[in-house]
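Each protein sequence line maps, in turn, to chains A and B.
Residues in the first sequence are numbered consecutively from 1, following this note's numbering.
Residues in the second sequence are numbered consecutively from 1, following this note's numbering.
Keep in mind that a hint or two might mislead.
[What the hints assert, rightly or not] Partner residues are not named here, just some residues of chain A that face chain B (Cβ under 10 angstroms, in silico):
hint, residue
1, Glu-84
2, Val-160
3, Tyr-227
4, Ser-308
5, Leu-362
6, Arg-367
7, Leu-368
8, Glu-427
9, Leu-429
10, Arg-434
11, Ala-435
12, Leu-436
13, Ala-446
The hints are simulated quantities; they were obtained by calculation from the structure and are not laboratory data.
Don't be surprised by glycine CBs; every beta carbon is placed ideally from N, CA and C.
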Amino acid sequence: MWSLTSPVIVVEQMLNLMYRRMMEQTGSSAPSIGVDVGGTFTDLVWRGGTAGDIRAGKLPSTPHSPDEGVLALVDHAVPREALERAAVFVHGTTVGLNALLQGRRPVIGLVCTEGLRDVLEIGRGNRGEAFNLLWKPNPPLVPRDLRLEVRERILGDGSVRDPLRLADVAAVLERCEALGAESIAVALINAYANPEHELAVEAELRRLGYEGHVSLSHRISGEYREYERTCTTIVDAIVRGPMGSYLRRLEAGLAERGFTGEVLVTRSGGGAMTFADAQQRPVETILSGPVAGAIATAQLARRLGLPSAIAADVGGTSFDTCLITDGEVPVLYEGEILGLPLQVPWVDVRSIGAGGGSIAYLDAGGRLGVGPRSAGAQPGPACYGRGGTEPTVTDAALLLGMLPQQLASGMALDADAAERAFAPIGEALEMSTRALAEGVMRIAAASMAEAIRTITVEHGKDPREAALVAFGGAGPQFGTLLAEELDIRTIVVPPLAGNFSAWGLLNVDLAQTVSRTVLLPLDEHAIERVEGHAAELFAGMAQDGDVRQELRLDMRYVGQEHTLTIEVPWRDGAVGSDAGAIAADFERDYARAFQHVTGEPVEVLNVRALVRAVATEPPDDGPAPAPAAAALHGGTTAWSFASQQHLTFPVLERDAVAAGEWTQGPAIVVEPTATTYIDTNVRFRASDGGALILERQA
Amino acid sequence: MSDLTEIRPELVVTSGGRSSAPRDAGDRIDPVTTEILRQSLVAAAEQMKRALMRTSFSPIIHEVLDFAAALYDRDVCMLSQADSLPAFMGTMSFCVEAAVEAVGGPEALEPGDIVVYNVPYGSGSHPQDASLVMPVFVAGQLIGYSAIKAHWLDIGAKDPYCTDTVDVFQEGMVLPGVKLCVRGEMVPDVLRLILANSRVPKVVEGDINATVVGVRTGAAALARIVERHGIETFERGVQQVYEYGERLVRTWIQSLPDGRYVGHASMDSDGITDELITFETAMEIDGSTVRIDFSASPPQTAGPINCPLPATVSSARVAIAQLAGGGEAPNEGFFRPIEVITRPGTLFHALSPAPCFLYGWAAEQAMEGLFGSIAAVAPEGIPADSGGDVCALVWWGDRNRRGEAWADGAAHPIGQGAHTGGDGASALMHHSEAATRLAPVEVWEARNPWVVERLALARDSGGAGRYRGGLGVDVTFRLLEDAWLTSALEHTKRVPQGFAGGGTARANAIALELPDGTTEGFGKVTRMRVPTGAAVHLRTGGGGGYGDPSERDPEAVRDDLRKGYVSEEHVREHYPHVVLD
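Isolated chain A (complex conformation) (with noise of 0.2 angstroms):
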């Protein structure tokens, strides 16, 4: 909440002895940088090469042109001389996803099959609601007139039905120019199963002389599945532009302050990519911003030796999670943004709306509810004196006494604001402020910890076997409301709190992958036409350097329609495996996700290739340091939720938390991005590498 809080501001700090001593372990020595920038903040982290040099910033973003927001806050938090020496420079970013939101939509001509040119228009022919007898779905991505077919088809097994009319492709080409299109994109029926039509409609419309870009639906993803691989094809091309232009303009910006190394964006599937590869298949970045904190998370879970840890990030908006199991970020091969699927891997991080913004409400029926609309930045909460009205979560914060009246920033929040906007809905309920308040809380947290409930039991996993990591502004705030919620006993505020998605980009691989959709029968010829597919995939993709291949199949059972994603060994071209011993790793994995087996015959749907640079990994923390000594601001009077009683919580500086030894809570920890809600079930410490670590007793 401190994030939203913050009305500006840059806050910066030279980072602790703790957090030096971690540094001292990485044994990377190379500075970098990592900026994620979110709809409301952008977020620095930026580590220099001598240990213990490490700086965070934050600053507003700037949604109009989020590179302006960047350059600021590299110039305020990086030191020249430090971005001349740095060698890598990891960006999160939603300009993807703000383009295909609010931009601009470029004229797309899209060339169809014929007699199929409203794969787009008609989709999957579901009701986004199922209540709602008027529901509608948003205008198609390509507007019927600029759908164009052809004449060709291939079927399914990639035989020719009917050979393409040249002709028709001259026709097309007529039609988009007429039209005004910027780009081409070609999406013919089963290209996915043999791409020669998409393709010689390329050549043809470079024969006659086109000169724009033209995107091949074969291209962009290889799988089946017509409606997702054209909106897949279409959504890059229409994110393509914004998201060049963003790259060259923040590159160059960079560029002009000296900045010599690498420049990297993170992948929605995890793992970064270079902008040179982002500009060739931005699709891939959609969904960058929350990744960083899943990434940050499976980091984290490493190095505390966390075998399962959810990823609680609360900002003013929205509240994202994610299950962490072995370390490891979950990875999905399809996913949804604005109701629009996507063939591109995806970190199943899930959002629902619930943040420091989110508002309180009665509705007709009568019901308290809280989110998901927020009051954002603008107007704000209504303790902000920015004109806001309505009671938020912040609000409720500050009337419960976990947010300190007068910020580190300077900022002073009108606790009778927020009465006043109360008031009406206690009126109404008849409830007193504060128990209204504390319900808000308690609401918000409810939502969040059923969402992280959903995502655990889709994994068959118990969430409270799991340690759960509290970041984002607010995250802090209600880590302990959460694990209440949830029965989890160990809470994890990782170091730079309200920055920790941008630290998490500090340590990212580099990945590429590329997919096929194949279909063929797990028996003994399979591994070898495997092997054929797979190197024709990694034989496009980058091999510089020191990288790794991994090889995934997704398979199922003949007549299913799931699949299960199995790696499978693969070493100098070849598969390490035999299909008997592929279809018991299967086997074995599908007991696990579906509890039972059947004896059906198996099959390989897709072939997932891809090569992984892999970035220096920190080493495990080191042995305690001394305690220090407690820098406390005094006290202040909080509500604690488990005494049902007011309270005087002693205020910490964050620095001051001692490694090793547990205090007992209740305590507000603060810092200068996030502040830490500790209730007095709750005991606390911080762990070798900076963590704060919080355990809850029963």
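Since the structure of chain A is already known, use the hints to place chain B on it.
Just chain B now, with coordinates in the frame of chain A:
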């Protein structure tokens, strides 16, 4: 059934929503705890749905979402449901009650038991739609039920899908409420018996297993919620959750003038003869209560279009939840302002052994007829007629005569009616199958021996109006091998109507084009042979228009023309005020 009270010997009144057993008034639970309870219950149903989808075997569950998942309290009041198939959701309370009664009542249930039930007259579905019901216990006390009804691909009807059955015994194996699991253990004999009666036992086995995982997930989630809040707080709190829902719906009903609104509807045929069957239903608004009167309906028919009572009540529940619920996911409270009047032995209250394979179709027609009459007083929020059917086709065959059976079934999208707020949506599933998804052409062609030559919006298929009706679709399947087809297509003889001066739309149609070029239309048909090289042309209906076409914005008409949603001829006929470029 406990909720039935006879008002006249021949009429039955069923409360749309069940009442809770009387309890001590006690203190009211605070609104915060109530909201947390409500959220947890909605999330628990969603977790059930995801567990089922994650572990399902067939595309019927994962892709088509042909199931409903819901949680009930011990009075069989619906605590929450997950968005999936609304038409199933409204029948589930009947399934729970009948399944429990069949095995000897609540006293005969033990923790870990799961009962399987599919008697059409008690479940409101055909036997393929089987329910699994699991009691939920906390501290040895029965506190509720976790239930899923899912479509099994085949359970041994006379054909994989039927439109011409003459009694229920031709419609599939009947499971009259038997324990599939006892104290947590699957009963192998029951499972073997079921699988021996299916044409696709492996698929059905996979989906039964997934459904077991689903109801267990729901039961565990419900038990956890009750344990967290305590039984007392839970039971009081959910009463308040129901109250909120009830108030929401009553507020809407009260906003309508009292009166009796009559809707007219029809079925193309009963599946045996080709005669049109017309019927009249009425909606009575009485203060904050809505009474839906099916008592004037014709006697039950010889063919399988009969609605068992639960299907009739379900259609009323779903319609009112959609009209009055503000888009929110319903609970039992939403149904309490509803009363349903039926006459046993008629189309909407069929008695054994009347055939009822197409159990819900007539009730859907009745509801759309009622929308038409109620729109006169509540124009906002009610669309003109849609294409009016789920347009179900079921295919099967033998791959290259090698003995490899294949089967596939699908609903198809239709045009939606225009309304006061704008044009109707094109190509959406009928509202009773809201979450159902059309399979991708590429998935179809990888599985089935056909080529989809056309899947396109049908020009001029929507009704004209100030707001235009949505378009239906044209689909052409060209068969590469011999196959069999059952078509349950309805609403082919009456065109969808517009509202407030809006025009009519095209009706559903289907035709077989033989390799020699001869073409013949049909409607409902069972086990029709489609030879290699033949094509089946499905043309789904459009939505009716809203308002006088002369009031349509000329620019909107020109845009429709540019995009090919309408033809020049259509524009000249219906929008003479528009000057074309």
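**Message:** Need the list of violated hint numbers for this structure, in ascending order.
**Reply:** Hints 1, 2, 4, 8, 10 not satisfied by this model.
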